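K.L.:
One letter stands for each residue in the lines below.
Number of protein chains: 6
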Amino acid sequence: MIATLGEILLRLTPQDNGMIQQMGTYHANFGGSEANVAISLANFKVPTRFISALPDNDLGKAASFELSKYKVDTHHIPMNGNKMGLYFVQQGSSIRKSKVIYDRENSSFAKLKPTGLDWNRVFVGVDWFHWSGITPALSDNCAKVCLEAVKRASDAGITISTDLNYRSTLWKYGKTPYDIMPELLERTTLMLGDPRSLETMTGIPNPFKGDIKEQLDKLPDYYDLVFKKFPNLKYISTSLRTIINDTHHKWMGVIYDGTKLYQSKEYDLYPLIDRVGGGDAFMAGLIYGVVKYDDPQRTIDFATAASGIKHTISGDFNLVSVDDVQDLLESGVGNISR
Amino acid sequence: MIATLGEILLRLTPQDNGMIQQMGTYHANFGGSEANVAISLANFKVPTRFISALPDNDLGKAASFELSKYKVDTHHIPMNGNKMGLYFVQQGSSIRKSKVIYDRENSSFAKLKPTGLDWNRVFVGVDWFHWSGITPALSDNCAKVCLEAVKRASDAGITISTDLNYRSTLWKYGKTPYDIMPELLERTTLMLGDPRSLETMTGIPNPFKGDIKEQLDKLPDYYDLVFKKFPNLKYISTSLRTIINDTHHKWMGVIYDGTKLYQSKEYDLYPLIDRVGGGDAFMAGLIYGVVKYDDPQRTIDFATAASGIKHTISGDFNLVSVDDVQDLLESGVGNISR
Amino acid sequence: MIATLGEILLRLTPQDNGMIQQMGTYHANFGGSEANVAISLANFKVPTRFISALPDNDLGKAASFELSKYKVDTHHIPMNGNKMGLYFVQQGSSIRKSKVIYDRENSSFAKLKPTGLDWNRVFVGVDWFHWSGITPALSDNCAKVCLEAVKRASDAGITISTDLNYRSTLWKYGKTPYDIMPELLERTTLMLGDPRSLETMTGIPNPFKGDIKEQLDKLPDYYDLVFKKFPNLKYISTSLRTIINDTHHKWMGVIYDGTKLYQSKEYDLYPLIDRVGGGDAFMAGLIYGVVKYDDPQRTIDFATAASGIKHTISGDFNLVSVDDVQDLLESGVGNISR
Amino acid sequence: MIATLGEILLRLTPQDNGMIQQMGTYHANFGGSEANVAISLANFKVPTRFISALPDNDLGKAASFELSKYKVDTHHIPMNGNKMGLYFVQQGSSIRKSKVIYDRENSSFAKLKPTGLDWNRVFVGVDWFHWSGITPALSDNCAKVCLEAVKRASDAGITISTDLNYRSTLWKYGKTPYDIMPELLERTTLMLGDPRSLETMTGIPNPFKGDIKEQLDKLPDYYDLVFKKFPNLKYISTSLRTIINDTHHKWMGVIYDGTKLYQSKEYDLYPLIDRVGGGDAFMAGLIYGVVKYDDPQRTIDFATAASGIKHTISGDFNLVSVDDVQDLLESGVGNISR
Amino acid sequence: MIATLGEILLRLTPQDNGMIQQMGTYHANFGGSEANVAISLANFKVPTRFISALPDNDLGKAASFELSKYKVDTHHIPMNGNKMGLYFVQQGSSIRKSKVIYDRENSSFAKLKPTGLDWNRVFVGVDWFHWSGITPALSDNCAKVCLEAVKRASDAGITISTDLNYRSTLWKYGKTPYDIMPELLERTTLMLGDPRSLETMTGIPNPFKGDIKEQLDKLPDYYDLVFKKFPNLKYISTSLRTIINDTHHKWMGVIYDGTKLYQSKEYDLYPLIDRVGGGDAFMAGLIYGVVKYDDPQRTIDFATAASGIKHTISGDFNLVSVDDVQDLLESGVGNISR
Amino acid sequence: MIATLGEILLRLTPQDNGMIQQMGTYHANFGGSEANVAISLANFKVPTRFISALPDNDLGKAASFELSKYKVDTHHIPMNGNKMGLYFVQQGSSIRKSKVIYDRENSSFAKLKPTGLDWNRVFVGVDWFHWSGITPALSDNCAKVCLEAVKRASDAGITISTDLNYRSTLWKYGKTPYDIMPELLERTTLMLGDPRSLETMTGIPNPFKGDIKEQLDKLPDYYDLVFKKFPNLKYISTSLRTIINDTHHKWMGVIYDGTKLYQSKEYDLYPLIDRVGGGDAFMAGLIYGVVKYDDPQRTIDFATAASGIKHTISGDFNLVSVDDVQDLLESGVGNISR
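Residue numbers (numbering that gives the first Met the number 0), protein chains in the order written: chain R, 0 to 337; chain G, 0 to 337; chain Y, 0 to 337; chain A, 0 to 337; chain V, 0 to 337; chain Z, 0 to 337.
Because the hints were derived from the structure by calculation, they are not lab data. In this text, all values refer to a predicted model and were calculated from it rather than measured experimentally. Just so you know, even glycine gets a beta-carbon here, dropped at the ideal spot from N, CA and C. Please note that the accuracy of each hint is not assured.
Computed cross-link-like contacts, DSS-like style, restricted to lysine-lysine with a CA-CA straight-line distance of at most 30 Å [as the list claims (entries may be wrong)]:
(1) Z:Lys-217 / G:Lys-70
(2) V:Lys-264 / A:Lys-171
(3) Z:Lys-208 / V:Lys-264
Among the chain Z residues that face chain V by a calculated CB cut under 10 Å, a handful are [as the list claims (entries may be wrong)]:
(4) Gln-21
(5) Val-88
(6) Ser-92
(7) Lys-96
(8) Lys-98
(9) Thr-168
(10) Tyr-172
(11) Arg-240
(12) Asn-244
(13) Thr-246
(14) His-247
(15) Met-251
(16) Asp-267
(17) Tyr-269
Based on the sequences and whatever the hints tell you, model everything.
P.N.:
So, in structure tokens, the structure goes:
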């Protein structure tokens, strides 16, 4: 079973690519980096657990229902407090950029303390644990919960993966990423991180000025420095997104195993339906690949294809099955299936 | 010009009487007691101003647009911070109760301080000022802003009205209504308050155990005590809502001028479309009546009819015109107008 | 085959009982008294034809499609000009009245002249012709078309029915009903008309001051005067609507055959979904009854039940079948059918 | 854990009380008597399992997700074949009746054979088993699966409940209820059945001609005959629905324990939002009451209140919690909760 | 008059490119290859008749209404049985493929027997008859109905067209296309068929391995073999679809008259709105062209342009007029017309 | 303050790119060239006034509310008559063209006479006045109102801008553009006009046969002739739209100051969401640029970028802020902002 730890948020999205100021009706669903990873893995038929906290009200209940729907285990989500974290997504189009407004401060999860979880049971049956850089960025409490989880998972011999997920608008509670992340990352085996985030969060100087995609041959040298600093690491990966416009992206991924940089095909994604959660779908694909294939090339191909399709699905969650991904990998974009 | 002070909130309502846990789509609009009063008065063609604070983001902008739409002056709404107060309304039906979840702590308005408003300009051109018991219930800051406003308005010779609007789920910042309200109420001329709220907020013992409607003849005695405590008072009024079920209410109003209790007709409201804001529409009707008619019977008739219609309009705002209200008062519920 | 003559209009209705000023989305469908009669009869499996005029654009095409959908013959609808008649329906609720805004002046139908129809073919195969008092109220052209139709139908031995349908907001082109209607009504066999409309349109003084329903015994005396003035008449009928509120009506019908007043059961209609077209459904039921049953009691029972159900169907059209009506007449409102 | 056996169907409902022939958009969700019981119990926080069969396609997957969402165990739902059972619900209003069109023949569940389930695991952990008269009515296969389940549950000492759920439009595969039901019912402890269904399904002559509610004192005598025929029985219950019109029902329940007839309060349900699943919610309430309270009065009060609220919730499922039901029982229909 | 024979199905499409498992709301409309051809021709102002069978319920009625709406004659559609054929369309986007789930077994049409139609009247007034390879693929009954129709049409001197429409997921009742199709095709004058379908259905070996578009010069040789086997043939045509991704296709057509291969312009279709029915729109365009123009180049230009526009219209039906097609052919994609 | 004069119309747009004949639901909002300019400027935080006329009904009220929402002053919009101008927009897609149907004849604005405005107050506080060639094209009244406005503005020393906005389907009241426009244009300082419109409206022969974009070097010579004829002119500008298909345009702009032609970047707009109002957004950008920057290059860059983004926003209005435009100019289409 794979466990992920993080916050799941209510997501409010104006219908039909509308702007927030146009009001009208909003789609209400849920999302959050680590929940997205869990749900995508569950859709790949991998048993998953989501560790979190939710408010004790109908919004919290709805979030829990949504996780259960996708067969994610919700037994380790204490329900306390009354503030659901939420965010508004204003989807752009063409030359108009998408925008997100977060409203997650003081949420039930942000107030979760290490004592709020039953550590004796949280990791029972778990053999892979995933966390992201968003959790320690939320609050001092959350950073402590994350550290406790990482230590306990590590002690229990559980493999650990991390998505650096650097967001400059978080980290507002007085700590910098560099204060917190290096210790957390020590136990990570599979890391998702682009050079810029790596520099910010680990302090290893980032040699890339321009477009990384054009200098991929330099990436192994930089990743070697990361491997050196974090000897438990087996893989570092990053997705490479080229933004033609808000509705048209190019998408590929690379993974480095300390020896060689493996590179996927690049997908031309247009029209994009929903890019939020694309990186999380990539993370889920990486974990799936590492667990199932033990082959970096198959892993990066799988992760990139799976997350590519995610961009065509509305909502944060990747709803595709392993068969859907294999079909794209083997047959390309084929004709309507009927 | 009539100015009201308070918070306007984003309101999220599941479509088609849905439950929050059913998700899907939510109507997004705005509401808040004092904004509702201002907008209802604006729809009666009375010049109005709304004094408040909003976050400096697209949600705050949308709220400001919504007020402007109804010709409410928004020049005294500083835009600071990033937290929009919001609430979720789960509309009930028949024997299923409606429910509201608030998420307004730490909002831009809750953090507004007296220094955040330009007092030299806030009341320019204003001859009536309205506030409600919600504002001092939100935060220590808000109580101070409210007191400052009441004092300045009073000093400027502005008539003051107050809706007690007691909400037990607010007042969480350490003060009780009784700590705050008596001082605030000293300058009020027109008060909307049922005996239970009056007792809680002013400490004057409430003599009513059962249904007030059945003991209306006792109400003047109680209200006399209130008049005694607050010598600036000219009118106390209360609406009387009888809940048959969540979709069927009976609705009437009374007003006391220190001498006589004037009573409106009782309306049979079924099916109710949206009761949120019904009390605010009543308040707006009272203010309109006192300003325009100087006749307690006409005032209470107008206020009750206007707010009765409000219950048939979705959203917090009363969108009816004075003509619409007169038509109901004069002709009753007539045939389709074509 | 039954032919009806009149205007079909685009109907725009704000969704979810919204008010026009709330904008958002509007349902777009079609309606118009005589088209409603034709479609209701077609749903009773009676062959029907609609005689009209439509603009030569996509709105006209859509209107024609809508009539065809219900198997109404559209071959006698010339498509000229560019103005679709339209109307906005603001549906009320409870104590809030419904409102209609018409925008039909200068429409293709209002400009239709007698030369615009192919009179040699219009009535081929027709044995019943229906018109209403709306058509001559629209324009001088329309009054002439109506008169031409009535004369030709009469000359061809076709039975004629008329719904007086008095609307004070029409008749704006310089003629009064009394200038036009008496000549038109001379050939009518089945007339739908309440005393007030009869007085306005025929000049026969209306003896009813209060509620007709309470003085039904006096109705035959008045109707006898009408029979006297219009010797071709066989039946006069009227529906009796009691408005409790905008969502709750009581509904019954009476028919007089010159001898006896037959009276239907009274239906309690709540909640009403859409009352527009209710009278037209009643008219269609009368025609159906007269044609099929030759029994005034069965006719008035059928017409009242059929039009009662119409009030529960959104849009102008009565979509029920004869079986649906029979089921209500025989079993009352029964359990869900599954 | 409570297990229920039956078919879950895709339900398609035209939006906004529309008629099927109006097309447009349909709400797509799921329902089915025994699934409804399981989900209602899960919402009461009772662990539940649903035993069924679903097609191996995206519709089957969606049905499984929907069950999981409400924390119902779906491990015993083999996914085979390609035909999802489905039904269309045309919701009526006022004097227009609701209608259901079923399309469930040859579905994956109708083709399920006793060998299709893993009987060694189906009842592990289960202490209550519920089935309804719909399953044996679907096909010969289903009748056999039902019998197998009843025998195995009984042999394992599991308490059994049954909702007779007689539907005359089913039972089309050559067997009559009387061929099948008596054997199946032998092991039932709690039975939901009105006298008419009991007569049809068990052959015990039904003494009731008119309205049962008016002759409740005669019910024990009849039920005594049922107790005699089925000695394992402990309770027979029935709901009593009085249909004022399609949007207005009265609703009460009774339960008989072999000694005394316990009777709930009668609820006035208007406006009804969705009556489909109301009986299943009552069944779930009965099971909950019997399991938790061991008090027939509390049981019938709980079941009737819970299922009363269900009628105000769109979709088949009862989404209320035990607290919601208690609140109605203790406080009646109260004011908006905020 | 042009008659087409086939099944019309209820089509259910999740809104907003949603996935079936996301549920919510589905668009409900109708489609089916031969009905699509009839409706497209009717929109070109050609009189058309649809020969079929529908269930005797509200779904069947709605389907009949939909055909009538577009002025298609529905007098030869017996209404029997209770199973509406239906299908679900999950629209893809970009690199996610569209998917269709059919549920049409045992439908009223699949059970239609040759004795179910009134052959003496079916072809009265008809001068062109169109069928497709879907009908004989549905059931033994349907194959017999199709053969009867082809023989009778042929005997009556009616021109026959056929769309091979090979679907591997049909043909499940024990016969292969090769058992049935050759005899049916003997009387066809205009055939729509790509080489792969031709090989499967007629047994004439398909010489094309790769992309047909790149080897168009070889197509006449292959089509000559088809002409040889079916001497009544005058034209074979095929559309050529290049799938860039699910939202972006290229589209052209060719037609062979036994002498020369005529080729249309290629259209770049992005974004696609709905590709289902694109081939049927092409077929309708071919029939229109052959009937009206007697010029293979104009025919193929018209058919390709008309069906190209179809891809931008939601639903199966091509709603464009001849003028719309001419405008595209003459002016290209021009500016907004206002 | 910038004042604009013109008509605001109700805009009805079928949802989801539907065709008018598909009916269903229509978005209801507002638009009109000069109102669009005012609202776009208001969104750039420029004080604006809209001078117009509206019907005295709920549609007129809704239009006034919409203008107020965006902080546009509505005090100079008399409310008379009962005909709201309106238009239907059928949005195309890919190779299907968009279509507009206007219904604005005899509207309240078309009937506005010079005496209908309070000229002593209309221009108080105004320093820029904008009108477009649509107004004098509507009716003789409107041409007179326009001339009166231009003269009074000019006399008051107000700067005047004009968008030629030539529409061949207007000008139906007996005057040609050349009869009216030259006199009106004499006082214009900033003119938006492509060569073709300039020729039609001013009579200066248009030298451009093919694509203007390919002959931009010739444009100054032509514009010099215009400067010569209208000596008050300081700038002529035009946008250059290249239509790839209905969903994909290229967009750039040029401005000439009598000396040099300044040229913006060209934007690739796909997918387009709503092109209606794109030119008005460009006009607003020009005015903003001229007022704020006094730099033709910055002006044309700003106007083109602002109006480019408009094409991605549904409805006529440009809702972007100056910051949004600057962000596009400085950073290009960047990543999601969160």
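K.L.:
Could you run down the list of hints and mark each one as holding or not?
P.N.:
Evaluation of the provided hints:
Proposed proximity of Lys-217 (chain Z) and Lys-70 (chain G) is contradicted: the alpha carbons are some 49 Å apart, above 30 Å. For a cut-off of 30 Å, the pair hint linking Lys-264 (chain V) to Lys-171 (chain A) is broken: about 56 Å separates their Cα positions. Our distance criterion of 30 Å between C-alpha atoms is met by Lys-208 (chain Z) and Lys-264 (chain V), whose separation comes to about 26 Å. For Gln-21 (chain Z), the interface hint holds, since its Cβ comes within 10 Å of a Cβ in chain V; the closest pair sits about 7 Å apart.
Hint on Val-88 (chain Z) holds. Least Cβ distance to chain V is approximately 9 Å, under the 10 Å limit. Evaluation of the Ser-92 (chain Z) hint against chain V yields a held restraint, the C-beta minimum of about 4 Å falling below 10 Å. Contact between Lys-96 (chain Z) and chain V, as hinted, is supported at the beta carbon level, the nearest pair being about 6 Å apart and thus within 10 Å. Contact between Lys-98 (chain Z) and chain V, as hinted, is supported at the beta carbon level, the nearest pair being about 5 Å apart and thus within 10 Å.
Interface restraint check for Thr-168 (chain Z): the shortest CB-CB distance to chain V comes to about 7 Å, inside 10 Å, so the restraint holds. Hint on Tyr-172 (chain Z) is violated. Least Cβ distance to chain V is approximately 18 Å, over the 10 Å limit. With its C-beta approaching chain V no nearer than about 8 Å, Arg-240 (chain Z) sits inside the 10 Å limit, and its interface hint holds. For Asn-244 (chain Z), the interface hint holds, the least distance from its beta-carbon to any beta-carbon of chain V being 5 Å, beneath 10 Å.
For the restraint placing Thr-246 (chain Z) at the interface with chain V, the shortest Cβ-Cβ distance is roughly 6 Å, inside the 10 Å limit, so the hint holds. Hint status for His-247 (chain Z) relative to chain V: holds, with the closest Cβ pair at about 8 Å, below 10 Å. Proximity of Met-251 (chain Z) to chain V is violated relative to the hint, the smallest CB-CB distance being about 16 Å (cut-off 10 Å). A hinted interface residue such as Asp-267 (chain Z) counts as satisfied when its beta carbon comes closer than 10 Å to some beta carbon of chain V; here the least separation is about 13 Å, so the hint is violated.
A hinted interface residue such as Tyr-269 (chain Z) counts as satisfied when its beta carbon comes closer than 10 Å to some beta carbon of chain V; here the least separation is about 8 Å, so the hint holds.
Violated hints, listed in ascending order, are 1, 2, 10, 15, 16; each of the other numbered hints is respected by the structure.
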